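Trainee: Since the structure of chain P is provided, determine the placement of chains Y, H, W and L with the ligands on it from the hints.
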Amino acid sequence: MTTDASPTEDAGPRTDGLDARLVVDRGTFRLDLRLSAAPGEVVALLGPNGAGKTTALRALAGLTPLTTGALRLDGRTLEEPERRLRTPPEHRPVGVVFQDYLLFPHLTALDNVAFGPRCHGVPKAEARAQAADWLERMGLTDRAGAKPRALSGGQAQRVALARALATRPRLLLLDEPLAALDARTRLDVRAGLRRHLAEFEAVAVLVTHDPLDAMVLADRLVVVEEGRTVQEGAPSDISRRPRTDYIASLVGLNLYQGRADGHTVRLDGGATITTTEDLTGPVFVAFPPAAVTLHRDRPDSSARNLWRLEVAGMESHGDQIRVDLTGELPLLADLTTPAVAELALHPGRTVWATLKATQTHAYPA
Amino acid sequence: MTTDASPTEDAGPRTDGLDARLVVDRGTFRLDLRLSAAPGEVVALLGPNGAGKTTALRALAGLTPLTTGALRLDGRTLEEPERRLRTPPEHRPVGVVFQDYLLFPHLTALDNVAFGPRCHGVPKAEARAQAADWLERMGLTDRAGAKPRALSGGQAQRVALARALATRPRLLLLDEPLAALDARTRLDVRAGLRRHLAEFEAVAVLVTHDPLDAMVLADRLVVVEEGRTVQEGAPSDISRRPRTDYIASLVGLNLYQGRADGHTVRLDGGATITTTEDLTGPVFVAFPPAAVTLHRDRPDSSARNLWRLEVAGMESHGDQIRVDLTGELPLLADLTTPAVAELALHPGRTVWATLKATQTHAYPA
Amino acid sequence: MTEQKSGPVPDAATGPAEVLAGGSRRRSGTPRFRTGVPLPLLLPALGGLVFLVLPLVALLVRAPWRSLPDQLTSVAVWQALRLSLITATAAAAVALVLGVPLAWLLARARFPGRRLVRALVTLPLVLPPVVGGVALLLALGRNGIVGRWLDSAFGITLPFTTAGVVVAEAFVAMPFLVISVEGTLRAADPRYEEAATTLGASRFTAFRRVTLPMVAPGVAAGAVLAWARALGEFGATITFAGNFPGRTQTMPLSVYLALQSDPAAAIALSLVLLAVSIAVLAGLRDRWMAAS
Amino acid sequence: MTEQKSGPVPDAATGPAEVLAGGSRRRSGTPRFRTGVPLPLLLPALGGLVFLVLPLVALLVRAPWRSLPDQLTSVAVWQALRLSLITATAAAAVALVLGVPLAWLLARARFPGRRLVRALVTLPLVLPPVVGGVALLLALGRNGIVGRWLDSAFGITLPFTTAGVVVAEAFVAMPFLVISVEGTLRAADPRYEEAATTLGASRFTAFRRVTLPMVAPGVAAGAVLAWARALGEFGATITFAGNFPGRTQTMPLSVYLALQSDPAAAIALSLVLLAVSIAVLAGLRDRWMAAS
Amino acid sequence: SSGDSDDSSKESDSGSSSKKPSGTVTVFAAASLKESFTALGKTFEKEHPGTKVSFNFGGSDALAASITSGAPADVFAAASPKTMKTVTDAKDAKGTPATFVRNQLEIATLPGNPKKIATLKDLTRSGLKVALCAKEVPCGSAAQKALDASKLKLTPVSYEQDVKGALTKVQLKEVDASVVYKTDVKAAGGKVAGVEFPESKQAINDYPIALLKNAPNAEAATAFIDLVKSAQGQKVLGEAGFLKP
Ligand SMILES: Nc1ncnc2c1ncn2[C@@H]1O[C@H](COP(=O)(O)OP(=O)(O)OP(=O)(O)O)[C@@H](O)[C@H]1O
Ligand SMILES: Nc1ncnc2c1ncn2[C@@H]1O[C@H](COP(=O)(O)OP(=O)(O)OP(=O)(O)O)[C@@H](O)[C@H]1O
Ligand code: MOO
Ligand SMILES: [Mg+2]
Ligand SMILES: [Mg+2]
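So the sequence lines, in the order shown, correspond to chains P, Y, H, W and L. Quick note on my numbering: the first sequence kicks off at 1 and runs consecutively. Quick note on my numbering: the second sequence kicks off at 1 and runs consecutively. Quick note on my numbering: the third sequence kicks off at 1 and runs consecutively. Quick note on my numbering: the fourth sequence kicks off at 1 and runs consecutively. Quick note on my numbering: the fifth sequence kicks off at 1 and runs consecutively.
Looking at chain P on its own, in the form it has when it is part of the complex (with noise of 0.2 Å):
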């Protein structure tokens, strides 16, 4: 075991970095989540609601004890009921940001951020000049002296961002940091939330439903789905090979289940998808809705994939339209607009679909 290994290359037991085994009890829920990473990885935690992923962060914090398991930050325990054992938040090196902001309101935004600094010891003149100057990095210098209630949604969360960050943590944790920020400054704030973390070589959690900010922002994902792992790795991995229907959506993808015998994969409902990976035993399979063509009738072309469906419903998508298309195989179908015209597309029509088998994707179930 070498200790001088640089920490993200560390392949045996982690000293540093997180190390957890989070439990949980609440009532009828229960948690129970693995979660470990290294000093400047940044592992997103993505569920549907009620998941329990505010819970894991809680639980991370200090703030909901564990029921058991163990809770470990750059080789130091920091609890293990088992054990007894049981730092309290404020000794923690850990940074929040709530989902509901959580900022003080008889405190304006600057003293907001000079808090935690104030709190570590930091003299006050200078924790405030930190503090300016975190609010400057979040594009809010203007807003310095507002109280919490003057502030915009968006504004608010960002002070709340500052104000975690204001602190230096080891371990960031972020609920749902960048939901209510507009797409320009989210823009901003995710590519400074990026170079903060890596600067700090701090692990950073981060629970949020937007998928986009998922995979730009973490290292790596961690699906929860009524409290315990469903599907972990790196964002590319996850979008190309989700495990559950969840996922799938989330990363907007068809996804099928079936049976491979080759380069044929028999769905379970029936029909059957061209793949080029050669597989035997169950299998998921996945492919984009953009690489779907619509076809008004039946296509000579080289496509491996054909199949008659009908046209069941369709939303704009930006400068696309999403087309639900049901039959032998139920699946999604991303289409110009113009593309769309001249199919002359509508409910209840039928269509034929094509789809190139070097665009899916199978892998074992």
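No lab work stands behind these hints, which were simulated from the structure alone. All figures in this text were calculated on a predicted structure; none of them were measured in a lab. A hint or two may mislead.
[Said to hold, decoys possible] Ranges of calculated distance between the beta carbons of each label pair, as one might list FRET restraints:
| no. | chain 1 | residue 1 | chain 2 | residue 2 | range |
| --- | --- | --- | --- | --- | --- |
| 1 | W | Pro213 | P | Arg168 | 45 to 55 Å |
| 2 | P | Arg349 | Y | Arg266 | 42 to 52 Å |
| 3 | P | Arg168 | Y | Gln257 | 37 to 47 Å |
| 4 | H | Ile156 | W | Leu46 | 13 to 23 Å |
| 5 | Y | Thr68 | W | Leu46 | 30 to 40 Å |
| 6 | H | Pro213 | P | Thr229 | 35 to 45 Å |
| 7 | H | Val75 | Y | Ala129 | 54 to 64 Å |
Glycine residues also receive a C-beta, built at the ideal position from the N, C-alpha and C atoms.
Mentor: Then chains Y, H, W and L with the ligands, alone, in the frame of chain P:
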């Protein structure tokens, strides 16, 4: 003026639906917004943080008095300071979903939803039955007895939505109603929302930062910046013809301002873009990042637009990579992972970008 | 340092980890928060508690335990106790009905002279109770500026009646309720009232169904203050309502009179009063004070 | 119906639009809310106000205005008033320092017997003040269970000193502060304290810098209650601290003595006390009570 | 307390610590004695330069409670033998208390006596509102004695906690009459009218005075008690309506 005309097609001064000029002074901030909508229409307010969207909703709900202007709903004047008319919030047929929910902490989810009907004189048992019905539509039947503190963020927001819908308002105001919902629920709630709005023939005004939500849900977008409307129109229109940087980044387009002379647009920065439109004078030119093709070496292609650029950064977007390019025409390009691998892109690398004129879109500024 | 980090999992926590006390297992439920109480709060809190409880302990230690059984068998004591409980409860009810709206007015409505009104509300606290009783007589007595008219028009006379006791107690106790409820209302977020009005609630409904339940702990605290103050009220009661056994003689009046003739008996009576109020307060409180 | 809808903009509002009163222009700033106050709140509020203020009005109407100038020129009055203000302020300060932590303990900490402790805290309210004074003597007097030891070990004797007045007033006034602050704390959202601890604040810092400012209106209300009660305190003071001019004779004691010989003078003295406390309360309050 | 005689001398020898009164005398006295004792205190200070009389006026019962709890008092002048008894029972008095004045009951009625009350029996007329002192306090037990002596049964509207309470009720016209002390009627000036009644002879209240055991300044205290008992003292007290013992 035909009174029998279907409201959405009514071209004259509207008697049904919303017709408002909202002027609110808030210290240094001044909101001045014209807003009108026919019954059944969904208007989305988009704008950067602090643009005044929440302020506008509060004014519509009667929670913040107008400084001047007028507010009419279904032909009834709800507020007009000049004539000293003002209907208090409780007498306005308005439902509000607040940005931070404001669920009553002492009532269960069910009683929160039943609150509105009770206030409108519905007997207790019936109000609770209606509320149970709404919660069911939101997929929250099993959380009906929970107090707001025991709800997750997304659950809380769905309860808030149900609560606002339960009074069957003629004007529904939603401040980021879908922000905390997960992808799956979001689809359902979004669809349900559309359904209910259509049923009631109500006007809905929603604030959102999610361009997708805005595009999907709204019939018309109103883009607000610094308290004023900067652009207004159908989603497809706005996404194809953004008039400010904010809007362009919102819809994920590359946007430039320049002077057209036939099919050539000379940008303020010096570069030129060839377009299909034949225009003269000041114009905007926009194109989607996905329309850009990158090449390792100078290509010998038919593309009319060719620029030599440098890679400034990359971000993964689902299964795509967004490449940030600088040079004579700074732009964003979307590539697939294999394409990036093949081009061996990395920050600092020089590449050639091509763009077919058919992919651009020019319109008068 | 290298040594320390190299173990797979360090055995001892190196930071200021808190070792849970042995009793931690017994706590049921999931505490929201650690139970360790910071010393800078604990010490003055305990100081305050000792300060308040010590005199009561002294009273207990020096109490004439032998004369207590005699006191307890006296019909007069039970009569006074009963009257005290009834009138204090009635006074607290009057204070609630009139005081909570007044507190709301002070906290939420804007009107000129609000500060003056608030100061006026506080005055019955400052007035020595006997003078308060005199003031009540001047206002509501047989010759009082309003009492004269109450008497001639409705035949109502308050002095020397049980109703008079309630009036005197409510007069002294209501300011406590008003001021403490106003404080709670001001600390409450008014946006919930706004949310209620958008759902069609009138301002009154919003108050009754949203604000009031949300500030229930504060209202309960105010009601407890008012009840306890009414239970101990002496000066205004005896001045305004007089002292007639079974009609206007409450426990504090009994205690005061006993003090004249038999101080030991007075202490015994006080202990009875205290015991009853402990029973009532400890019995009722958590149900009321439970946060929403 | 068709007719009605066809006009471009109806001239008259058809719904229950509220026509603003003529005076609405004069309100400065942007009111958060309409100022119309619902009748079901306004009527009892006005009733409560009249009930509290009427006796004071009666006192003013019947006051011996002619003897007032005499009172105001007497040195003894000013001496007593000064002592009253000093001791009441000191007692309120003692109550704040000891009472706020106690309130926090009752509101936030979990410990067995909390309900009992809360009931115990309320007891000085219930105790007739004279008995309270006796209890204080039994505890802190020269022969008291603690006072004896204070005397022999430190040479401190509290009874019949100005410090004794402060002790007596604090004993009577502190429960008001504790109970009302506890109510406010319970109504406050504890998650802000959690947020503070994640920023490195100890529980004490979180309390001091987050919770306390957030519940400031409630604490201010409690302090006002305690101050006013201390200012009017009579029974416990005269029993524990005696009635020595300049040293322990506060205004209520002066009033009591005046009542023996010249009731008119007693009323005049009370009015002086009231005027001063109105001045103090109306002057200080809004700065303190301003919501954060 | 070491072998000094109770007699105090009025000689003013210089340097003699045990003879000449000096320092502060602390007198705990019933509130009804306020006027006369304050006057006597001034006299005492004039007669004995270097002394100061510090009064603590209050209800006799509260004063007694303070004294038995260790109050640093020299002299206790009570409004009833009963309250003095609590002090002597606690062995806090030195020697036997002496009665220095007595007080006699009188009926107090509204000015001008509109109800034409002339005798104690008139108080039992129906429709007449009467306030009595509670039996536990001196004026109450005295009134009860007088009523018992004349075999009258009187149900008042209130048993007041002290004589001032009873008097206030008449002053404010809340009752038509009450039974109080002569001194109180006198102190009230013209606000009430006094009606003497013969039965009051049967119920005269004694005011005892005593030197206290723990008196910090016994010499001066004894001198003050002597002043109270002296002819000069009796004159001042007599002017307030008190009777000689
Ligand atoms: N105090 C509580 N008592 C009981 N149950 C609770 C409590 N807090 C949360 N829960 C429940 O625990 C589950 C997990 O909640 P949590 O807030 O962690 O979800 P989440 O993943 O953050 O969801 P969201 O994305 O909607 O914020 C939910 O079912 C919720 O209702
Ligand atoms: N009570 C107030 N007093 C003074 N200024 C205020 C107040 N409330 C909001 N503002 C200011 O008014 C502007 C508009 O705020 P508003 O809340 O309407 O923005 P928004 O468009 O909803 O932003 P977001 O998307 O971040 O929620 C902001 O600059 C804000 O700081
Ligand atoms: O302070 Mo009082 O007059 O004994 O209730
Ligand atoms: Mg959550
Ligand atoms: Mg907003």
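Trainee: Now tell me, hint by hint, if it's right for this structure.
Mentor: Evaluation of the provided hints:
1. As the Cβ distance of W:Pro213 to P:Arg168 is approximately 25 Å, the hint placing it in 45 to 55 Å is violated.
2. Between P:Arg349 and Y:Arg266, the C-beta spacing of about 44 Å keeps the proposed range 42 to 52 Å intact.
3. As the Cβ distance of P:Arg168 to Y:Gln257 is approximately 41 Å, the hint placing it in 37 to 47 Å holds.
4. Between H:Ile156 and W:Leu46, the C-beta spacing of about 20 Å keeps the proposed range 13 to 23 Å intact.
5. Distance hint check for Y:Thr68 and W:Leu46: the Cβ-Cβ separation is about 35 Å, which falls inside the suggested range of 30 to 40 Å.
6. Judged by the Cβ atoms, the range 35 to 45 Å given for H:Pro213 and P:Thr229 holds: they are separated by roughly 40 Å.
7. The beta-carbon spacing between H:Val75 and Y:Ala129, approximately 56 Å, falls within the hinted interval of 54 to 64 Å.
Violation of the numbered hints given earlier is confined to hint 1; every other hint is satisfied by the structure.
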